[in-house]
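Undergrad: Take a look at the letters that make up each chain.
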Amino acid sequence: MTPLNDRISGGAIATLGAIAFLYGSKLPPVPGQQVGPAAFPMVVGGLLVLCGLMIVLGVGRHFEEVAEADLASHTAPEYLEPLPAWRAWLALLPPALVVFYALASERLGFLLTAGIMVLIASLAFGARPKLAVPLALIAPFVINLIFLKLLRVPLPGGMLPFPW
Amino acid sequence: MDTLIQAFGLVFAPEVMIAIFASAIYGLVVGSLPGLSATMATALLVPITFYLSPIAAIATIITASAMAIFSGDIPGCLLRIPGTPASAAYVDDAYAMTRKGEAETALGICLWFSALGGIAGTLSLMVLAPTLAEFALSFSTYENFWLAMLGLMCATLVARSSPIKAIAAMLLGLLITCIGIDNPGGVPRFTFGSTDLLGGIEVIPALVGVFALSEVMRSLTEREPPKLEHRKLGSILKGQIELTKKHPKQQVRGNIVGIIIGVLPGAGADMAAWVSYAMAKRFSKTPEKFGTGHPEGLIEAGASNNASLASGWVPALLFGIPGDTITAIAIGVLYMKGLNPGPTLFTEQASSMYAFYIIFLLGNIIMIPLGIILIRMASRVVGAPRSAVMPVIMVFCAVGAFATAGNNLFAVWCVAFFGCLGYVMDKNGYPVAAMVLGVVMGTMVEQSLVTSLIKSDGSILPFFSRPVSMVLAAMTITALLWPVFVWTWRRMQARRRVSMA
Numbered sequence: 001m002t003p004l005n006d007r008i009s010g011g012a013i014a015t016l017g018a019i020a021f022l023y024g025s026k027l028p029p030v031p032g033q034q035v036g037p038a039a040f041p042m043v044v045g046g047l048l049v050l051c052g053l054m055i056v057l058g059v060g061r062h063f064e065e066v067a068e069a070d071l072a073s074h075t076a077p078e079y080l081e082p083l084p085a086w087r088a089w090l091a092l093l094p095p096a097l098v099v100f101y102a103l104a105s106e107r108l109g110f111l112l113t114a115g116i117m118v119l120i121a122s123l124a125f126g127a128r129p130k131l132a133v134p135l136a137l138i139a140p141f142v143i144n145l146i147f148l149k150l151l152r153v154p155l156p157g158g159m160l161p162f163p164w
Numbered sequence: 001m002d003t004l005i006q007a008f009g010l011v012f013a014p015e016v017m018i019a020i021f022a023s024a025i026y027g028l029v030v031g032s033l034p035g036l037s038a039t040m041a042t043a044l045l046v047p048i049t050f051y052l053s054p055i056a057a058i059a060t061i062i063t064a065s066a067m068a069i070f071s072g073d074i075p076g077c078l079l080r081i082p083g084t085p086a087s088a089a090y091v092d093d094a095y096a097m098t099r100k101g102e103a104e105t106a107l108g109i110c111l112w113f114s115a116l117g118g119i120a121g122t123l124s125l126m127v128l129a130p131t132l133a134e135f136a137l138s139f140s141t142y143e144n145f146w147l148a149m150l151g152l153m154c155a156t157l158v159a160r161s162s163p164i165k166a167i168a169a170m171l172l173g174l175l176i177t178c179i180g181i182d183n184p185g186g187v188p189r190f191t192f193g194s195t196d197l198l199g200g201i202e203v204i205p206a207l208v209g210v211f212a213l214s215e216v217m218r219s220l221t222e223r224e225p226p227k228l229e230h231r232k233l234g235s236i237l238k239g240q241i242e243l244t245k246k247h248p249k250q251q252v253r254g255n256i257v258g259i260i261i262g263v264l265p266g267a268g269a270d271m272a273a274w275v276s277y278a279m280a281k282r283f284s285k286t287p288e289k290f291g292t293g294h295p296e297g298l299i300e301a302g303a304s305n306n307a308s309l310a311s312g313w314v315p316a317l318l319f320g321i322p323g324d325t326i327t328a329i330a331i332g333v334l335y336m337k338g339l340n341p342g343p344t345l346f347t348e349q350a351s352s353m354y355a356f357y358i359i360f361l362l363g364n365i366i367m368i369p370l371g372i373i374l375i376r377m378a379s380r381v382v383g384a385p386r387s388a389v390m391p392v393i394m395v396f397c398a399v400g401a402f403a404t405a406g407n408n409l410f411a412v413w414c415v416a417f418f419g420c421l422g423y424v425m426d427k428n429g430y431p432v433a434a435m436v437l438g439v440v441m442g443t444m445v446e447q448s449l450v451t452s453l454i455k456s457d458g459s460i461l462p463f464f465s466r467p468v469s470m471v472l473a474a475m476t477i478t479a480l481l482w483p484v485f486v487w488t489w490r491r492m493q494a495r496r497r498v499s500m501a
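Those protein sequences? They're chains A and B, same order as listed.
Under the numbering used here, the first residue of the first sequence is numbered 1, with each subsequent residue one higher.
Under the numbering used here, the first residue of the second sequence is numbered 1, with each subsequent residue one higher.
Some hints here could point you the wrong way.
[Claimed, not checked] Just the calculated beta-carbon pair ranges, DEER-fashion:
1) GLY338(B) <-> GLY11(A): 25 to 31 angstroms
2) GLU224(B) <-> LEU148(A): 30 to 36 angstroms
3) LYS285(B) <-> ILE138(A): 34 to 40 angstroms
4) THR3(B) <-> LEU150(A): 28 to 34 angstroms
5) ASP2(B) <-> LEU148(A): 35 to 41 angstroms
It should be emphasised that the hints constitute simulated quantities derived from the structure, not laboratory data.
Just so we're clear, the structure is a prediction, and the values are computed from it rather than from any experiment.
Cβ atoms here follow ideal geometry from the backbone N, Cα and C, with glycine treated the same way.
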């Protein structure tokens, strides 16, 4: 039986392919030409459906098992021990902070936004406040300096513009 | 001769020299930190290259990647944790040598044979690329289409995962390039009324997301590597000349395998190291010693992964087909700098090409002194707390993408999205590199396919009837069916073993 993850991801791929195929088939043709913008999404979508179904059925699973066993034999055993499950959810933090940058940087300014991002991320990585706070104060300044002085890219000033 | 002098002039400009030196240090440090790969080092450099001259921009990528592939060996030797995936194949042997008190020799082998491998790779680039360029000038859209297909298929072949998943990942990348109005009909596709999506997904934010942000995400879910003890090291290069004389076969074989794997699209330094290590073991007179601190595998794989770096540029410069993930990023930079990949690059921009060769050689030469300095400082650099490094990288992902996309916040959203996508794909065994190849090559594949079909009035016959395209088509189909052969062969072997027992 194929692992649950493969059935889910394979199903998602097949669905995505089907959507791409249908969407592609509705694209308007270029007058006077047999092939236009519709061809490529339809081909890719169709193939994705095929791949998705094969993944659901577990085709090619054998190759993964070989590669996994190979990798495991080359990794230090203490590195392979599973970590508590809540750690997996922590992975969502970096993208969330990047989205926070997209939402807040214009209003708060680069220094403040980046400071908050560094502080939270650093604490999440298990830093003591003794390291995290100075890092959150200094790192944004240095990055701003690199972009402003070396590369001449102004970063958003916002509430707390770069002082010079 | 004139072009050569011109090329030296280009390389020895102050801006380029500073770029080489700074990126060398950057590459060494990033590569030596466990969890930060050479590809990530390159992806984070792109925003910087945006504001440099074309030669300086490419120089930073060449130097930083070569340094990072070498310095990934350092934590492998000292901690048994590969600094970059390209060092993973031989950490056992490297660490076993350190345990036996031969840390200097192990590190020396990594440094010395990395530099030699890099130089061998550069020579192959200098010979192969211009020869192939002449040949490639006669290619039409049909050949270009098959070449691109062959590139995409190779990438799925060499992925250390299920070939079906690799193909799916590659197709996903192709689908991503469909977004926007940059297509044969100029109609908006998959934009869903969004003006941001009209311009399509930019390659650079996607790469930064997939290669840098998702690494930050992954490291949050993994435990911190152990601290490195400070240790006194003797002379690093002592005995390396003898080892070179003693193991010429391993070195040359490593170089050649590395060069071949580098030229194959999509397969890079990691793959080169794995294959070369396996080769060294297969042909060794003492295979039982492998994994116990035996220098042979270390020499062969160390020579191989650095050789693959330079030869990876052959398909990248000639056809815009990435030889590995690092050149996938480099192709984006080449386009950005107006050095569009293609065989004409070698005729019209000959001095720039010579400049690249010089930079490659220079990079591999300065690797030796800078590498020794880094090894001496290793306990301080490798011990840099992850909780300080990762947050800074994360901010860099956001702000770097923002700056390259002309201060557009949509790029930042893209970074976050592709970070999550890369993470989820990796956790489920979908090779991210294959998707990236699709993203980089999608527009080219579609253009060559649609133009060819328009030329032939919708007939697929010319795709197979022209001599060169016929050969390329046969190779592509072989690549597609290869996993089936492998699977059947393994099946038969297993059955034979059962019947014998």
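Undergrad: Each hint needs a verdict: does it hold in this structure or not?
TA: Going down the list of hints, with the structure as the test:
1. For GLY338(B) and GLY11(A), the hinted distance range of 25 to 31 angstroms is not satisfied, since their beta carbons lie about 43 angstroms from each other.
2. A hinted range of 30 to 36 angstroms holds for the C-beta pair GLU224(B) and LEU148(A), which are about 33 angstroms apart.
3. For LYS285(B) and ILE138(A), the hinted distance range of 34 to 40 angstroms is not satisfied, since their beta carbons lie about 55 angstroms from each other.
4. Take THR3(B) and LEU150(A): their Cβ atoms lie about 31 angstroms apart, and the range 28 to 34 angstroms holds.
5. Checked against the given bound of 35 to 41 angstroms, the beta carbons of ASP2(B) and LEU148(A), roughly 40 angstroms apart, stay inside it.
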